Amino acid sequence: DAKTTQPPSMDCAEGRAANLPCNHSTISGNEYVYWYRQIHSQGPQYIIHGLKNNETNEMASLIITEDRKSSTLILPHATLRDTAVYYCIVRLGKNTNAGKSTFGDGTTLTVKP
Amino acid sequence: DVKVTQSSRYLVKRTGEKVFLECVQDMDHENMFWYRQDPGLGLRLIYFSYDVKMKEKGDIPEGYSVSREKKERFSLILESASTNQTSMYLCASSFWRGLGTDTQYFGPGTRLTVL
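Those protein sequences? They're chains D and P, same order as listed.
Numbering follows this note's numbering, in which position 39 of the first sequence is assigned residue number 654; successive positions increment by one, without gaps.
Numbering follows this note's numbering, in which position 47 of the second sequence is assigned residue number 286; successive positions increment by one, without gaps.
Just so you know, these hints were derived from the structure itself, not from any lab.
Treat the hints loosely; a few may be bogus.
Unchecked claim - Calculated cross-link-like contacts (lysine-lysine; reagent style DSSO-like; alpha-carbon spacing at most 27 Å):
| no. | chain 1 | residue 1 | chain 2 | residue 2 |
| --- | --- | --- | --- | --- |
| 1 | P | K257 | P | K294 |
| 2 | D | K618 | P | K296 |
| 3 | D | K618 | P | K294 |
The structure presented is a predicted model; accordingly, all values stated were derived computationally and were not measured.
Sequences and hints are given; from them, build the entire structure.
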């Protein structure tokens, strides 16, 4: 499975957009990009996923570059409750290897008042 | 709401003890996972299961075994606990969406300390 690289930490002002980058230069054609976040002392929570098109849901937007080697998670109006560790992972679709996705150290996003 | 529950939030065991960590999900999900989380190492997959009585090794299966006798329950077993198994253990479940993608739902975690 492809591995991902994320900056260890980022700050963002409350109310501003938070843009979290992820590099996945070895991603294969059938691997999806997923984002999760983990708020302190809780289990990770799913945010969004995509293959090659940009995606948006009620939580965030996901922008994937045309070559699929990197992506950006966008929280359009960050709040203090968005302070968390954000994980970018790549993952195959439905087959026996799909379970083997690795969550790295992620990016610790701190939203400041 | 999907609910994934784990039997304990905190557990303290002695070296050499047999330890059972239980995970139950209430949404009829096919897939279940066990991870451990350590500072600087992220979440690492121990075992996963795609169906009842089915299991597959993750990245770090050594020292662990699993059991899935019922669809809703996935147990992680430490046959003989060691101090290097002190960690946060996270269980997750998921179902297959269209196009073969899945969303994992995580439990709150069990912080295991082995003395």
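Hint check results:
Between K257 of chain P and K294 of chain P the alpha-carbon distance is near 20 Å, which keeps this suggested pair within the 27 Å criterion. Annotation: proposed proximity of K618 of chain D to K296 of chain P holds, straight-line Cα distance about 19 Å (limit 27 Å). For the hint linking K618 of chain D to K294 of chain P, the alpha-carbon distance of about 23 Å falls within 27 Å, and the restraint holds.
In terms of the numbered hints stated before, the structure departs from none.
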